[in-house]
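> Residues per chain, in single letters:
4 protein chains.
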Amino acid sequence: MNVILEFSIIPIGVGISLSKYVAACERVLAKSGLHYELHANGTNVEGDWDTVFAAIKRCHEVLHEMDVQRISTLIKVGTRTDRKQTMQGMVLSVQDKLDKGG
Amino acid sequence: MNVILEFSIIPIGVGISLSKYVAACERVLAKSGLHYELHANGTNVEGDWDTVFAAIKRCHEVLHEMDVQRISTLIKVGTRTDRKQTMQGMVLSVQDKLDKGG
Amino acid sequence: MNVILEFSIIPIGVGISLSKYVAACERVLAKSGLHYELHANGTNVEGDWDTVFAAIKRCHEVLHEMDVQRISTLIKVGTRTDRKQTMQGMVLSVQDKLDKGG
Amino acid sequence: MNVILEFSIIPIGVGISLSKYVAACERVLAKSGLHYELHANGTNVEGDWDTVFAAIKRCHEVLHEMDVQRISTLIKVGTRTDRKQTMQGMVLSVQDKLDKGG
Numbered sequence: 078m079n080v081i082l083e084f085s086i087i088p089i090g091v092g093i094s095l096s097k098y099v100a101a102c103e104r105v106l107a108k109s110g111l112h113y114e115l116h117a118n119g120t121n122v123e124g125d126w127d128t129v130f131a132a133i134k135r136c137h138e139v140l141h142e143m144d145v146q147r148i149s150t151l152i153k154v155g156t157r158t159d160r161k162q163t164m165q166g167m168v169l170s171v172q173d174k175l176d177k178g179g
Numbered sequence: 078m079n080v081i082l083e084f085s086i087i088p089i090g091v092g093i094s095l096s097k098y099v100a101a102c103e104r105v106l107a108k109s110g111l112h113y114e115l116h117a118n119g120t121n122v123e124g125d126w127d128t129v130f131a132a133i134k135r136c137h138e139v140l141h142e143m144d145v146q147r148i149s150t151l152i153k154v155g156t157r158t159d160r161k162q163t164m165q166g167m168v169l170s171v172q173d174k175l176d177k178g179g
Numbered sequence: 078m079n080v081i082l083e084f085s086i087i088p089i090g091v092g093i094s095l096s097k098y099v100a101a102c103e104r105v106l107a108k109s110g111l112h113y114e115l116h117a118n119g120t121n122v123e124g125d126w127d128t129v130f131a132a133i134k135r136c137h138e139v140l141h142e143m144d145v146q147r148i149s150t151l152i153k154v155g156t157r158t159d160r161k162q163t164m165q166g167m168v169l170s171v172q173d174k175l176d177k178g179g
Numbered sequence: 078m079n080v081i082l083e084f085s086i087i088p089i090g091v092g093i094s095l096s097k098y099v100a101a102c103e104r105v106l107a108k109s110g111l112h113y114e115l116h117a118n119g120t121n122v123e124g125d126w127d128t129v130f131a132a133i134k135r136c137h138e139v140l141h142e143m144d145v146q147r148i149s150t151l152i153k154v155g156t157r158t159d160r161k162q163t164m165q166g167m168v169l170s171v172q173d174k175l176d177k178g179g
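Sequence order for the protein chains is A, B, C and D. The numbering of the first sequence is our numbering, which starts it at 78 and goes up by one. The numbering of the second sequence is our numbering, which starts it at 78 and goes up by one. The numbering of the third sequence is our numbering, which starts it at 78 and goes up by one. The numbering of the fourth sequence is our numbering, which starts it at 78 and goes up by one.
With the rest of the complex left out, here is chain A (with noise of 0.2 Å):
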């Protein structure tokens, strides 16, 4: 089951500077061979719904290995049926009904 997905960890009790962990979280990412796109308020994946999830799990295993002891993640998940939707084509098909004043 395909899966196209966004998620964004906050590490609690760090501070108020988040980067590090996040940067950790992408190099997780990395390290999956997943296609993924940071942006500015989290990190958009697309991908087979179990390497994904291992992928977001990792991550939280990391940040407790930093020493953050409390984390909260949000994930949105979207998969379908009707056909393979990868997340370049969610914004064109947007772009495209933008163009035509559709």
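Any given hint might turn out to be false.
Which copy is meant is left open, because identical chains are indistinguishable; a pair holds if it fits in one copy or across any two.
Derived lysine-lysine pairs resembling BS3-like cross-links, with alpha carbons at most 25 Å apart [stated by the list, open to error]: (1) K134 x K108; (2) K177 x K161; (3) K174 x K108; (4) K174 x K97; (5) K97 x K161; (6) K177 x K108; (7) K174 x K134; (8) K97 x K177; (9) K161 x K174; (10) K97 x K134; (11) K108 x K97.
Simulated from the structure, these hints should not be mistaken for lab results. Being a predicted model, the structure only gives us computed values, none of them experimental.
Given chain A, put chains B, C and D in place with the hints provided.
What follows is chains B, C and D alone, placed relative to chain A:
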């Protein structure tokens, strides 16, 4: 790794009444043996990471088998290493602060 | 426009115990006169769009006044025009489907 | 109060192709004068709390006017008082940590 998690599953393209799909997913949770609570905006679950996420994946599979072609699910997942926390404990600790006016 | 909404507020950089901040926000809701329910992963609220969002904004202000420098809040908001729905009604309609095995 | 926010709006009961509704909402943002970026799983926006939330409310109104009877929207909103942060800055600070291997 223990999690306290909330999720809500939105079947897309099957009309505006979603309760039968939510009910199908509640049955998946009942079979899982996990502790869970339905509320007005989602379902709270606690348990082992892998067991909880396997149940959510199963919800997607069951809904797709019910001919839902597209699903969007929101998951909020918390882990912590300082101590074991329960869903009941989270509500009680806020209640305690409210009682003390603190 | 009436909303059924859930939100959870995460104060960042103030340690791992967040209950006193959640309690401060519950007091904002109590003063608002809105119908709300705290649960293990957030707070459900129902009411007029503007009143509900004013309360959430006030929560951010109150927490910043308590010296929280950074806050991340998750909001899930639903509106519908087909009929008036209540939080209680949402749970009951799922329960009804479960009872009927439907 | 300045916010960095992400939202994604799900029209329910209007079929599985949602791009024309997302496009309608992008037009609301374009008119608002806010800085925003569409990505595969939502739209990032930054600006004043009231202006940003007024735009999201307007999206709900516009979609209901397009005969969408039910809408579920996810919003993640961040505020901070330590310094002004931009969406671009959030991505750059993670990128910086990745470059330094830190």
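> Evaluate each hint against the coordinates.
Against the structure, the hints:
1. Within a single copy, K134 and K108 get their C-alpha atoms as close as 14 Å, and across copies as close as 23 Å, so both meet the 25 Å cut-off.
2. Taking the shortest Cα distances, K177 and K161 sit within 25 Å of each other inside one copy (24 Å), while across copies they are farther apart (35 Å).
3. Taking the shortest alpha-carbon separations for K174 and K108, only the inter-copy value of 17 Å comes in at or below 25 Å, while the best intra-copy value is 36 Å.
4. Taking the shortest Cα distances, K174 and K97 sit within 25 Å of each other only across copies (6 Å), while inside one copy they are farther apart (38 Å).
5. For the homomeric pair K97 and K161, the shortest alpha-carbon distance between copies (19 Å) is at most 25 Å, but the shortest distance inside one copy (34 Å) is not.
6. Within a single copy, K177 and K108 get their C-alpha atoms only as close as 40 Å, which misses the 25 Å cut-off; across copies the closest is 17 Å, which meets it.
7. Within a single copy, K174 and K134 get their C-alpha atoms only as close as 36 Å, which misses the 25 Å cut-off; across copies the closest is 21 Å, which meets it.
8. For the homomeric pair K97 and K177, the shortest alpha-carbon distance between copies (10 Å) is at most 25 Å, but the shortest distance inside one copy (42 Å) is not.
9. In this homomeric assembly, K161 and K174 come within 25 Å of each other (Cα to Cα) only inside a single copy, at 20 Å, whereas the closest approach across copies is 32 Å.
10. Taking the shortest alpha-carbon separations for K97 and K134, only the intra-copy value of 18 Å comes in at or below 25 Å, while the best inter-copy value is 29 Å.
11. Proximity of K108 and K97 under a CA criterion of 25 Å is satisfied intra-copy only: 17 Å inside one chain copy versus 36 Å between copies.
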